[in-house]
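J.: So you can see what is in the structure, the chains are spelled out below.
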Amino acid sequence: MKTQKLTGFLLLALIALTACEKDFREVNNNNNVPNAVTPDLLLSGVIRNSVNQQVGEAWGIGNIVSQYTAKIQFVNEDRYLWNEQNGIWNSTYGNYRNLQNIFAQVAGSENNGYEGVALIMKSWMFSVATNAYGDIPYSEAGFAKTKALYTPKYDKQEDIYTGILNDLKKANEILAKTTTLISGDILFGGGGNAPLKWRKFANSLRLRLLMRISNKRDVKAEMQSIVSDPVNFPLMTSNADNAELKYLAAAPNQWPLYNARVGSFDEFRVSKTLADRLLAIGDPRLNVFGRPSQKSIAAGAAKIEGIPNGLGDVAALNYNSGPQGVSRVGYTFACLVCNDNGQARPDPAAPRGIIMNYAEVQFILAEAREKGMITTGDAATFYRNGIDANFAYWQSVVPPQYGINVAPGAAYLTQSAVAYAGTTNEKLDKIYLQRWISMFFTGLESWFEFRRTGKPAITPGPDNLNGNKVPARYIYPLSEQSLNGTNRQEAVGRQGGTDDLNTKMWLTQ
Amino acid sequence: MKPKLFSAWLKTFFGLAAWLLLFTGYAQPQESGNLKGKITDAATQTPMSGVTVKVISSGAIATTNADGEFAVPAKKGDRLEISYVGFGAETLSVLNDDFLSIELEPVKNELDEVVVTALGIKKDKKRLGYAIQEVKGEDLTIARESNVVNQLAGKVAGVTVVGSNSGIGGSARVTIRGERSVDLNKNQPLYVIDGVPISNAITGGSGRGNLEVDFGNGAGFVNPDDIESMSVLKGPAASALYGSRAANGVILIKTKSGAKAKGIGVEINTNTTWESALKLPEYQKVYGQGNGNGGDFAFVNGGGAGQTDGTDEGWGPAFRGQSYPQYNSPRTLNGQPIPFTGGDLNAPQGSVITSTPWLPDNDNLKNFLQTGRTFTNNVALVGSNKNGDFRLSYTNLDQTGIVPNTDLKRNTISLSGGYNFTDKLSARAFVSYINSESGNRPSISYGTESIMYLFNCWLPASVRVKDMERLWMPGAENLRQYSWNYNYHDNPYLTVMQNTNSQSYDRVIGNVSINYEFNDWLRLQLRTATDFSNELREYKRAFSTQRFPFGQYRRVMLNNEERNSDFLLIFNKDINSDFNVTANLGGNQMRQTSKYDESVAGQLNIPEIYNLTNSRIPLVASQQDIGKRINSLYGSAGISYKNKLFLDVTGRNDWSSALTLPENLKSFGNEDNSYFYPSVALSAIISDMVELPRAISFAKLRGSFAQVGNDTDPFTFTQSLNPSEPFGTAQVYSETDRLANLNLKPEISSAYEVGADIRFLNNRIGLDITYYTSNTINQILNIPLSITSGFNSRVINAGKIKNYGFEAMLNLQGIKKKDFTWSTDFNFSANRSEVLELRDGLTNFVMASRRVSVEARVGERMGNLYGIGFARVQSTNANAPYYDKSGSFDGQMVFDANGRPVRTTNRILLGNYNPDWLLGINNSFNYKGVRLSFLFDIRSGGEIYSETQTVGREGGIIIETLEGRADGYDITKEGNGVIGQGVIANSNGTFSPNTRKISVREWHSAYTGGRNIAEGVMYDASFVKLRQLQIGYTIPDKVWGSKLPFRGVTLSLVGRNLFVWDNVPHVDPEVMSYSGGTALPGIENMSIPSTRSYGFNLSLKL
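Those sequence lines, one after another, are chains A and B.
So the numbering used here is basically just the index in the first sequence, starting at one, shifted up by 80.
So the numbering used here is basically just the index in the second sequence, starting at one, shifted up by 2.
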């Protein structure tokens, strides 16, 4: 009897243990979060993350290497002691994972607007990444999930450009025909106008990238085909078309620098290069980009005083008798506790995360026309439009309570340094100068433009640690050495054999 | 340091040799005639009658009379075996004496020791085919640690314990026999109380803009006063019956019961200790705040308005008796003193900061830290009779840490009881309720919320910290903090007093079991156990905190539960006089759930109101509910032959929910959620089988083979899309960057172990040695991917890791006299783990990364640390950089034209964080009731990276930064500036010595290439620690007479971690840092000083 009881018990136990398969399936299902969402929920994140990266990159490297700003403390970046810079890399490929989800969801549906928008975001991000690093994974990238591709090969930069330019063209076509209403579009606000704005962005970006490779390839026909067909290839026509993220007043979507510590924000100051160039032409935009030094205010003669780039630690902190003698970065871009005495708190929603502005498009056209790459329009007009647009832009961005007058003086446009006159080279220099001013805080774009044109000049600082050369690129992330070593090595070999700041990528060869 | 360690090792070795010689001499046989003697009970000192005395060589036998006396024909050198029921057998040699006075001790003979093995089954230690080592409860309660796990250090061979220094019961990371998994979180042993697993979860405390906080590991909350013993099951053979989670060994905790009490008794233990920093960082005290410009200092607004008052570095003017306006200097208005100081930025307009002497604050950190103190009081009521027993225990721990305003209060109530309902039916239960409250646990790692970030890197010697005890600017209380630097830093007192990380933790651990004995050879045990905890964590941040100008409040609720229910059928029968068979059959169901709820008010409306309703901005919430189940069936069988040959086999099958595909995915994957694994162990008492030399009194050989399977974390199959804060009205999701794998298989670890237990000279020398090797295959790993693939990591089955090592325990009973005993224990272990294979062409797995990366590379040792190094001249490869065919500069550091070290392009091997070997040496002396014991813990080898060095150099704070500023900053002066030792590469391919001098400030950041080169800040983590010292005296009971009820009154002076000898500057080499709940060994990141504790313990019974 006892034995029977025991057997019965054991059987029960066995049944209890093995009959829970269904339970097990339920227990191991992650019900905390979904495993699929609609494209709009992904698009918003891609835009926010990539633009935040763009802002961070501009602040950390772009503004410095382009000599808009210079550092007074922790001067490594300013002395070209760049260790790995993985922000762009991680952002591009991380966001690409989410874009791949969008592509997968719209696959098969004709002219889906999300596909067009996703192609544009992809193209922009990859254009920044290849410009920063050179050859990078592109055609095989992002396929770990769908194709089990874990170590994508590095594509040649030339091929990446071809891909990007094709995608932008395709995106323009899709969006021309789409009837999809786009949501989650925090860049252009979605709705009925959005497809057109995205098309303008796509075509403008195409112009930017065509110009960028114009030393390497004949891009005249392609440029002309865009410029001469504004119906099918609309371009940005005003600041209202700018591709820029408008930050919000409420946390956590405020201007990314808004939460910085005051000391960290103040490590970055107005570059002497910027101050000198803008003061020389009496450009009031300098009052947006910087603030008068405390020392000059105390002395009763408020003025913006820049600091040379690339000074050593001690020299940088002591330049012009210390931090009080060097202008801080403009109030518009400031952190919550970075206001000066007597001023209101900075507006967390004033600054924008700039991808590309209308002014830049005008300067591209001016250059193209001046060089005879296109035959449409008038270079002087394009040039003038660019300048006007950028002044208007900052007038609209800077909150009136800051009391900053951005309007140019009467003589601004007519002075010889600005007036569109002189030899072709002189005119081009003026375009480059104005373009440089207009691209303040626009990611790494001014640095890329410098590499193409050498204008306006960048003189490495006296204590630079890169042999008096402006860095030509970022090194690949160190983790690639172990995680995608063979492909990285192949790419390094293709680009000259060393992976350092001075390695020449296709664009700069 | 190496020589110091080596000499320590040498001393140990010679000491050992001396002991052995001594014993050999002692055992020399000598001639003698008929032998008389007397035998007494060692405990009661009464004569023992009926004791058998046998001369081994002749077989002559005598029995003691009523006076305990005997006479037996024996001569010098003969060996006697003395045996008595309940007292075991003792063998001794006849020496010169013609009258032998022998004291017999009740069975404490380790040979007959019964140990608790897997599932709580008691076994004779001598039959075990694997290594088990036990730590007794009294070793845990006299010299104490708030985290009981730390007590294992040095006491058990093969066990490595690294505690995190938070001053108050921080977590401890235990590894047994090295690391099997390349997932750093998966190398911890399983903790088991009374046969049932408990949770040892470390739930990380970081993210949302707050730094890490170490809230402790699960096992660390167990109350040492309720522990009778801790057994460490080291290898898979020992732990195989525990299944999946026991792959890294098991720590078995047996709780105290009242069973040993006669009648009713009260046991009291009270302990008081004080804690102080064991080792403080050394800061330079020659130069004050400044930036290396050689100029003066003047405070204006702590933000750069004065002279170098915005910097936070120690490159300022030397202390020469001058005066400067400083943050704590008084202000005057129109020449009149006003109640404001320099740092009061709300002082009236026009007020002036007067100069005060420029002096170093020599003991900033020392003055900031306080003496910690810990009171632990335990009272237990115990009782038993023939029907049952009970034990009710209450323990109160009250600790204040060495960091101001950090504390821990822990109350534990435990009840343990058993009752025999009938001869056949009995029941036992244990329940322990733990309430642990901490008003503040310090933030750790690098950032403004961590005090060590300030002290080690950014606090110049000129800043007198004490004056910041005033937290606020006058009239701006709770709104504007008062500080020395408003650019970057928080007032450290504000950090600890106001910006608190509190923890309120309630936990119940309990189990109930019922035993039914069908007959004398078959019994059934049913058991169910629970371990659940509720925890509330609150992070409060005051207004004007650097990172949180409007304050912050973060509230985290954690709820964890683990339930285990099992049955066990136990069979034990002598088949005939030679064979005994035991067999067990059991099953277990484990259910785990964990819930995590977090809400963050990123900014507050009103200061000091830490409530979610006081949020200025929308709350951010997150929630994660996780469940897991494992069902298991297992069995074991053992056969023994003549009590000298033992064979044990076990088998277990697990079914894991974590390896079960969810319903919607089941058709896509290849499910493998059931796994079986066996073990077999053989042991033989050689000394009972063959004649061995006389010097060997006991010899056992053992060997085992075992496999242990393992599953993975829940939700490994699901590819999730995670929400983040919306952008306005646009909701935001993104796909997790970890790629799931629907075809995971369970991990299997296979281990072999051989060992020997040999006792010499009447058991006065005991040597237990073990060699083991294990291979772990199909490891479930989250391997990192190149993000270019779209994902940062992917879960795979991969890898083959080999683990092998050697353990030795040596016990020497140097002196064993009635009044005086001296014994020494050595615990030695050396372990190596190697990566034999990864998978998918993977040659390298990055386990963790912070400046240096912990990597597992094929063919290399686990725990290797890679990082950027100094470029060096080499003469081996003409195609590689810095080739010097002359060889005359081989190995020298290369400097660039600026005099800065050149870095390597690739990460290079900089060391390994695992020790080469570990040795614990414990000495105990016992003289007439006075006990003295001390434990040395020695670790040889292993490297750590020091972030304190990297950043402390940059800030000019640590003492190393005096190099290159013998007399200020004028680089033309002798002793100022630094010329790096090495060469420069000439353009023609030759090398010449570096002669470029660079300024001191530049040098100290160039040394790490701007926080990039790790090679210069790697240190040998070897150490010798005086881990424990105890002096105790037990007052003889007769002192109290019959009127006072006191019994066994023992007073001890105790100390833990009293001294350390090592070679790592500034920090205790036993450190680790934390990242997202993962302990990162080998990386020091602003660790809070570890503590030395000393005090006294009083225990008594009523």
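Derived by calculation from the structure, the hints in this document are not laboratory data.
Treat the hints with caution; some may be incorrect.
Quick look at which bits of chain A chain B covers, simulated, 3 or more residues with Cβ under 8 Å [as the list claims (entries may be wrong)]:
{"hint": "1", "stretch": "355-369"}
{"hint": "2", "stretch": "386-399"}
Below, a list of computed lysine-lysine pairs in the BS3-like style, where the Cα atoms sit at most 27 Å apart [as the list claims (entries may be wrong)]:
{"hint": "3", "chain 1": "B", "residue 1": "K38", "chain 2": "B", "residue 2": "K819"}
{"hint": "4", "chain 1": "A", "residue 1": "K227", "chain 2": "B", "residue 2": "K668"}
{"hint": "5", "chain 1": "B", "residue 1": "K747", "chain 2": "B", "residue 2": "K40"}
{"hint": "6", "chain 1": "B", "residue 1": "K138", "chain 2": "B", "residue 2": "K40"}
{"hint": "7", "chain 1": "B", "residue 1": "K668", "chain 2": "A", "residue 2": "K102"}
{"hint": "8", "chain 1": "A", "residue 1": "K102", "chain 2": "B", "residue 2": "K262"}
{"hint": "9", "chain 1": "A", "residue 1": "K227", "chain 2": "B", "residue 2": "K747"}
{"hint": "10", "chain 1": "B", "residue 1": "K819", "chain 2": "A", "residue 2": "K549"}
Where is the CB? At the ideal position from N, CA and C, for every residue including glycine.
J.: Holds or violated: B/K747 and B/K40, Cα atoms, limit 27 Å.
T.: 66 Å, violated
J.: If you look at each residue in the stretch 386-399 of chain A, do at least three have a Cβ nearer than 8 Å to any Cβ of chain B?
T.: holds (count 5)
J.: Are the Cα atoms of B/K138 and B/K40 separated by 27 Å or less?
T.: Measuring from Cα to Cα gives roughly 33 Å; hence the hint is violated.
J.: Check whether the Cα positions of B/K819 and A/K549 lie no farther apart than 27 Å.
T.: Given that 27 Å is the threshold and the Cα spacing comes to 82 Å, the pair is violated.
J.: Does B/K262 lie within 27 Å of A/K102 when you go C-alpha to C-alpha?
T.: 47 Å, violated
J.: Given the hint that A/K227 pairs with B/K747, test it: the Cα-Cα distance must not exceed 27 Å.
T.: Between A/K227 and B/K747 the Cα gap is close to 21 Å, so the pair holds against 27 Å.
J.: Hint check: A/K227 vs B/K668, CA-CA at most 27 Å. Holds or violated?
T.: Within the cut-off at roughly 20 Å; holds.
J.: Tell me if the straight-line CA distance from B/K668 to A/K102 falls inside 27 Å.
T.: 11 Å, holds
J.: Check the hint pairing B/K38 with B/K819 against an upper bound of 27 Å on the C-alpha distance.
T.: Since the Cα atoms of B/K38 and B/K819 sit roughly 19 Å apart, the hinted pair holds (cutoff 27 Å).
J.: Would you say the stretch 355-369 of chain A counts as covered by chain B, given the rule of at least 3 residues with C-beta under 8 Å?
T.: violated (count 0)
Comparing the model with each earlier hint shows violations of hints 1, 5, 6, 8, 10; every other hint is respected.
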